Amino acid sequence: IHEILNFPEKNLKKKLEEFKKRYSDIFLEVILLSIADMLGSQLKNNKSKEFNFRMTFLNKVIND
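Taken in order, the sequence shown gives residues 98 to 161; the numbers are from my numbering.
Take the hints with a grain of salt, since some may be wrong.
Straight-line distance between alpha carbons at most 30 Å, and here's what the computed BS3-like set of lysine-lysine pairs gives [stated by the list, open to error]:
{"no.": "1", "residue 1": "LYS110", "residue 2": "LYS141"}
{"no.": "2", "residue 1": "LYS157", "residue 2": "LYS141"}
{"no.": "3", "residue 1": "LYS117", "residue 2": "LYS144"}
{"no.": "4", "residue 1": "LYS107", "residue 2": "LYS144"}
{"no.": "5", "residue 1": "LYS146", "residue 2": "LYS118"}
{"no.": "6", "residue 1": "LYS112", "residue 2": "LYS144"}
{"no.": "7", "residue 1": "LYS117", "residue 2": "LYS107"}
{"no.": "8", "residue 1": "LYS146", "residue 2": "LYS117"}
{"no.": "9", "residue 1": "LYS111", "residue 2": "LYS141"}
{"no.": "10", "residue 1": "LYS117", "residue 2": "LYS157"}
{"no.": "11", "residue 1": "LYS144", "residue 2": "LYS110"}
{"no.": "12", "residue 1": "LYS146", "residue 2": "LYS112"}
{"no.": "13", "residue 1": "LYS141", "residue 2": "LYS117"}
{"no.": "14", "residue 1": "LYS107", "residue 2": "LYS157"}
{"no.": "15", "residue 1": "LYS144", "residue 2": "LYS111"}
{"no.": "16", "residue 1": "LYS141", "residue 2": "LYS107"}
{"no.": "17", "residue 1": "LYS107", "residue 2": "LYS146"}
{"no.": "18", "residue 1": "LYS111", "residue 2": "LYS146"}
{"no.": "19", "residue 1": "LYS157", "residue 2": "LYS110"}
{"no.": "20", "residue 1": "LYS112", "residue 2": "LYS157"}
{"no.": "21", "residue 1": "LYS157", "residue 2": "LYS146"}
{"no.": "22", "residue 1": "LYS112", "residue 2": "LYS141"}
{"no.": "23", "residue 1": "LYS146", "residue 2": "LYS110"}
{"no.": "24", "residue 1": "LYS144", "residue 2": "LYS157"}
{"no.": "25", "residue 1": "LYS118", "residue 2": "LYS157"}
{"no.": "26", "residue 1": "LYS107", "residue 2": "LYS118"}
{"no.": "27", "residue 1": "LYS157", "residue 2": "LYS111"}
Derived from the structure by calculation, the hints contain no laboratory data. Just so we're clear, the structure is a prediction, and the values are computed from it rather than from any experiment.
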């Protein structure tokens, strides 16, 4: 998921759908692990805009 979010300008939604289709059995777990990984990182302190973008995007994914 982090690889997909590293380049959001490159058709983020399409890449996410492809990932979801390929890994449908573990998709939600990967999203949750990605969120946990970011919460434990320094991203919020070092790149707050990037952190907020990723958290907002992943929270939308969970709620859809």
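How the hints compare with the structure:
no.: 1; hint: LYS110 - LYS141; verdict: holds (23 Å)
no.: 2; hint: LYS157 - LYS141; verdict: holds (18 Å)
no.: 3; hint: LYS117 - LYS144; verdict: holds (27 Å)
no.: 4; hint: LYS107 - LYS144; verdict: holds (20 Å)
no.: 5; hint: LYS146 - LYS118; verdict: holds (29 Å)
no.: 6; hint: LYS112 - LYS144; verdict: holds (23 Å)
no.: 7; hint: LYS117 - LYS107; verdict: holds (17 Å)
no.: 8; hint: LYS146 - LYS117; verdict: holds (25 Å)
no.: 9; hint: LYS111 - LYS141; verdict: holds (26 Å)
no.: 10; hint: LYS117 - LYS157; verdict: holds (14 Å)
no.: 11; hint: LYS144 - LYS110; verdict: holds (22 Å)
no.: 12; hint: LYS146 - LYS112; verdict: holds (21 Å)
no.: 13; hint: LYS141 - LYS117; verdict: holds (26 Å)
no.: 14; hint: LYS107 - LYS157; verdict: holds (19 Å)
no.: 15; hint: LYS144 - LYS111; verdict: holds (25 Å)
no.: 16; hint: LYS141 - LYS107; verdict: holds (23 Å)
no.: 17; hint: LYS107 - LYS146; verdict: holds (18 Å)
no.: 18; hint: LYS111 - LYS146; verdict: holds (22 Å)
no.: 19; hint: LYS157 - LYS110; verdict: holds (12 Å)
no.: 20; hint: LYS112 - LYS157; verdict: holds (15 Å)
no.: 21; hint: LYS157 - LYS146; verdict: holds (17 Å)
no.: 22; hint: LYS112 - LYS141; verdict: holds (24 Å)
no.: 23; hint: LYS146 - LYS110; verdict: holds (19 Å)
no.: 24; hint: LYS144 - LYS157; verdict: holds (20 Å)
no.: 25; hint: LYS118 - LYS157; verdict: holds (17 Å)
no.: 26; hint: LYS107 - LYS118; verdict: holds (18 Å)
no.: 27; hint: LYS157 - LYS111; verdict: holds (15 Å)
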